[in-house]
Amino acid sequence: SQQGEEDPQALSIQEGENATMNCSYKTSINNLQWYRQNSGRGLVHLILIRSNEREKHSGRLRVTLDTSKKSSSLLITASRAADTASYFCATGLEGGGNKLTFGTGTQLKVEL
Amino acid sequence: SQTIHQWPATLVQPVGSPLSLECTVEGTSNPNLYWYRQAAGRGLQLLFYSVGIGQISSEVPQNLSASRPQDRQFILSSKKLLLSDSGFYLCAWSPDSQETQYFGPGTRLLVL
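Going down the list, the sequences are from chains A and B. The opening position of the first sequence corresponds to residue 4 in my numbering, with each subsequent residue numbered one higher. The opening position of the second sequence corresponds to residue 5 in my numbering, with each subsequent residue numbered one higher.
Honestly, the hints are just simulated from the structure, not real lab data. It is possible that some hints are incorrect.
To be verified - Straight line, CA to CA, 20 Å or less: simulated SDA-like cross-link-like pairs of lysine to any residue: (1) A:102 to B:57; (2) A:102 to B:49; (3) A:102 to B:77; (4) A:102 to B:115; (5) A:102 to B:32; (6) A:29 to A:102; (7) A:102 to B:76; (8) A:29 to B:46; (9) A:59 to B:102; (10) A:102 to B:46; (11) A:112 to B:45; (12) A:102 to B:59; (13) A:29 to B:50; (14) A:102 to B:75; (15) A:102 to B:51; (16) A:102 to B:65.
Input sequences plus hints: build the corresponding full structure.
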């Protein structure tokens, strides 16, 4: 079953705008990760945030985590056409070893 | 550096035929290995994971099986394919002590 649910399912923005994607999950986690997938390709790891962290940055990416609301958000600032892809959150559960449970993804389209 | 390979990239097979998909990792030892399936427009479903040679855990009951005959080799098999086995199959690995997963390029399987 899906642990994470991304919102929105699809997002279309203009180049230069910011893109925000949200992820909600159901059970206690050890960490939450965001991955990117270009069409027909494998997933690429973007960022990992641990359950005791609230915010993390990597380049144009900013991830927040609210464990009380069981939610996370991924912000991409100053988006580019090359950011067009699907974005997935994945949760590592407490006591789950290194297994991840992936959400259903947000399809981001950045138009010129 | 570490690399992960999957083959074939694309496969079209008749219903009832056998299947063998191979995944190999280079540049690391004792990785955790994972097989996922992704239906069109959906998230990833974990099928199998392995923490060592000959150690396979199945996540969902299905028509597929997995084997790990060598430390860096993970094989997904079926004796008789079903139409519902069509999908995009992704192999991933993670270092034994870390949560981040690194994905291969995937195999697109179409069962007719």
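Comparing the hints with the structure gives:
Taking the CA atoms of residue 102 (chain A) and residue 57 (chain B), the gap is about 17 Å. The hint holds against a cut of 20 Å. For the hint pairing residue 102 (chain A) with residue 49 (chain B), the CA-to-CA distance comes to about 11 Å; that is within 20 Å, so the pair holds. Of the supplied pair hints, the one linking residue 102 (chain A) and residue 77 (chain B) holds, its CA atoms being roughly 18 Å apart against a limit of 20 Å. Restraint check: the Cα-Cα separation between residue 102 (chain A) and residue 115 (chain B) comes to about 28 Å, which exceeds 20 Å; the hinted pair is violated.
For a cut-off of 20 Å, the pair hint linking residue 102 (chain A) to residue 32 (chain B) stands: about 19 Å separates their Cα positions. With a C-alpha separation of about 16 Å, the suggested pair residue 29 (chain A) and residue 102 (chain A) falls inside the 20 Å cut-off, and the hint holds. A threshold of 20 Å between alpha carbons decides the hint, and for residue 102 (chain A) with residue 76 (chain B) the separation of about 18 Å falls inside it, so the pair holds. Restraint check for residue 29 (chain A) and residue 46 (chain B): satisfied, since their Cα atoms lie roughly 19 Å apart, inside the 20 Å limit.
Pair hint residue 59 (chain A) plus residue 102 (chain B) holds up; C-alpha atoms about 18 Å apart against a cutoff of 20 Å. A distance of roughly 19 Å separates the Cα atoms of residue 102 (chain A) and residue 46 (chain B); the hinted pair therefore holds under the 20 Å criterion. Distance hint between residue 112 (chain A) and residue 45 (chain B) is fulfilled; the C-alpha atoms sit about 14 Å from each other, no more than 20 Å. A distance of roughly 15 Å separates the Cα atoms of residue 102 (chain A) and residue 59 (chain B); the hinted pair therefore holds under the 20 Å criterion.
With a C-alpha separation of about 17 Å, the suggested pairing of residue 29 (chain A) with residue 50 (chain B) holds against the 20 Å cut-off. For the hint linking residue 102 (chain A) to residue 75 (chain B), the alpha-carbon distance of about 18 Å falls within 20 Å, and the restraint holds. Restraint check: the Cα-Cα separation between residue 102 (chain A) and residue 51 (chain B) comes to about 11 Å, which is no more than 20 Å; the hinted pair holds. Proposed proximity of residue 102 (chain A) and residue 65 (chain B) is supported: the alpha carbons are some 17 Å apart, at most 20 Å.
The structure is inconsistent with hint 4 alone, although it conforms to all the rest.
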